[in-house]
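Visitor: Protein chains in written order, with my numbering: chain A, 1 to 305; chain B, 306 to 761.
Worth double-checking, as some hints may not be accurate.
Pairs of lysine to any residue, SDA-like flavour, derived with a Cα cap of 20 angstroms [what the hints assert, rightly or not]: (1) A/Lys277 to B/Asn533; (2) B/Lys431 to B/Phe661; (3) B/Lys431 to B/Val420; (4) A/Lys277 to A/Gln6; (5) A/Lys153 to A/Ser64; (6) A/Lys277 to A/Val5; (7) A/Lys277 to B/Gly540; (8) A/Lys277 to B/Trp534; (9) A/Lys277 to B/Asn558; (10) A/Lys277 to A/Val234; (11) A/Lys277 to A/Leu12; (12) A/Lys277 to B/Lys431; (13) A/Lys277 to B/Leu529; (14) A/Lys277 to B/Gln536; (15) B/Lys480 to B/Pro548; (16) A/Lys277 to B/Val420; (17) A/Lys153 to A/Ile72; (18) B/Lys431 to B/Asn558; (19) A/Lys153 to A/Arg126.
Label pairs and their in silico Cβ distance ranges [to be verified]: (20) B/Phe552 to A/Gly225: 21 to 31 angstroms; (21) B/Phe553 to A/Gly225: 50 to 60 angstroms; (22) A/Val3 to B/Phe591: 25 to 35 angstroms.
Keep in mind that the hints were calculated from the coordinates and are not lab data.
Ideal Cβ placement from N, Cα and C applies to all residues, glycine included.
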Amino acid sequence: MEVFVQQLINGLTLGSIYGLIALGYTMVYGIIGMVNFAHGDVFMVSVFISLITFLILTAWIGISSIALALLIVLIVAMVFTSIVNWTIERVAYRPLRGSFRLAPLISAIGMSIFLSNFVQVAQGPRNKSTAPMFNDMVVLMTGNGYDVTLSYKQITIWAVTAVLLVGFWFLVSKTALGRAQRACEQDQKMAALVGVDVDRTISTTFVIAAALASVAGTMYLMYYGVISFSDGFVPGVKAFTAAVLGGIGSLPGAVVGGLLIGLIETMWSAYFSIDYKDVAAFCILVITLIFLPQGLFGRPDVEKV
Amino acid sequence: MSAPAQISGVAVVRALRDAGWTALIAFGLFLPLIGFQTVQNMSNVLVLDTRFGLLAVFVAIVAGGRLTYSLAIAPRLARAAARSAPATPSRLRTALARWFSPFVIGFVIVYPIIVLAITGTGGAVKWVDNFGIQILIYVMLGWGLNIVVGLAGLLDLGYVAFYAVGAYSYALLAKTFGIGFWELLPLAGVLAAFWGILLGFPVLRLRGDYLAIVTLAFGEIIRLVLINWVQLTNGYAGISSVPRPTFFGIPFNASDEGFAAVFGLEFTPLYRTLFLYYVILALALFTAFVTLRLRRLPVGRAWEALREDEIACRALGINTTNTKLTAFAMGAMFAGFAGSFFAARQGFISPESFTFLESATIVAIVVLGGMGSQIGVAIAAVVMIGGTEIMRDLDFLKRIFGETFDPTQYRMLLFGLGMVLIMVWRPRGLIVTREPSVFLKERKAIPADLIKEGHG
């Protein structure tokens, strides 16, 4: 029981991170119908930006409050990651809009290879680790000599994720920008005819996706404290799995899918085999797509002639 | 002041403003990752170095490039676009297209001899092995995947799984039972085809990107199983001393029964390399030949019909299940051949050789070459693989950038960038015209704008 509760806590934390990345996949897929393969690597870049900002703040400027430092890191990472993703969309995807379907996908795969190798060349191939932060924790329950703990890190991740999701939901459902996004999602040509700037809306979508990924990136850095240039691919694929599981194109689906994937992964590691935890995640992806292709919250794909 | 000068003055101001914005964005883009570098200091704590000089160089290059583009290149491009007439294939180009394949095949056959004549025995091993064999493996894989992606229109991002199946089948069977290369080659193909059908079955209903992601997941699952099933595959450590192929039973070694001794030649590793070169060449040409012939058979036509419109296919009574499965099986079979050849050539295999990057490379070769075009795929393989192989020995760059400069680390960086640039430059790939397999009166190439694809 204690182990289960502990894994539940860990799983929800991991799931929050996946959910934030998954939102980026699902938004971009919703609006331009492409799998943004480079999104996992954008996430990785954001972790590096967070790490560098964090080092500047703590080691150079000497901010002693970790919480304040992390808040600044979060904002800085959001800004710079947004610039990165905006540029990627502008350079690699926009010229291919309206081209045949595989072209943006290949471009995205190329971008993904480019980003991870760029970081490798610019920052070196070694793992980068920081000193652990926020090590305090609350003991929730004790039994059988096993303490169930909830660390401040985990509380922070949950809180930040929850706050951001509410803000994000407000943005998409209540603002003019959100309306424009939903319009482009349904019919780009029609949206353009009624005065929606389609290019700008798509760019904004990429910026929002990057901002969410960078929140996940800062949380990841805080939680694990270690990153390397190749750490974008696997979280990327898992977040994509989460987006598919929740129903691609559906925003609440992405979050629920992320939480589910996080839970399944930690439970699998705890009860079965840690070696095969990625296999489990990929199997879920395959099984979902075969038996439930529209996901939990997605609209079924109508085949039109 | 005359009118044109005034216009160009406005254009210059606009270009400058544009370059200014680009510089600002480039500054934002490069500030964190180029401006700062994270390094471990003596006590293994992460500290920051600054590289503001390099950052300034990067920003200047980007802004300068943008300025040159908007002032010099863009107007010229616009003029060229306004002038150019709709392109009709000239007679020269038709003749070129006709004689291109025989010429290339002839060149590839004599390539080792040319290399041997130029570089001598020592250099030839490197050139035939790194460039010849390496590129031909990818040409063969590209042609194999071309059946699945280019002809049948099923995007497969896990193609490397079948390559791995072929390689591990050969390595394990040859080591455990001592069966030779030539017996195992067809067997590896059959096993890979079997896996192709096995993995093809569940994904039959999926289309487009979903299919791509599921095949990616399959590829990763197979790789992770290869890593974790240590009893069978020896995990990360891989399988070493895989038996090498023999020349109809005569091994390539320095012993008395070796190839050199039997034919009364002096022993050098060159003979094996040459032999392997011609084996992979034959395998690749076999792949191309089978594909060409299959395109004329009902199944090949069904593949292409499936690529163009699946619903119309079903309406016409084509069994889409069988069509897709045969495409998967054929593609997987050629990957299995290539895989067993790869294992035999390397003598060592590990899961590291079968990462997603390999699948992405092969898909990129097929798409960059122009899906469905055999020549395009071959050209793309030469460009992408040959280009990255050349990056391995650009030692003269060390003289320009200093001794610490290592060109090999930029290999995959430029590879990724190349993929993006080629895609943006030619979204439909290098060779966009199609040679129809059935025609009414005369055979003519189909231009790109008539080709619709990608419903897969």
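Visitor: Broken hints, numbered, in rising order?
Guide: Failing hints, ascending: 2, 9, 12, 16, 19, 20 and 22.
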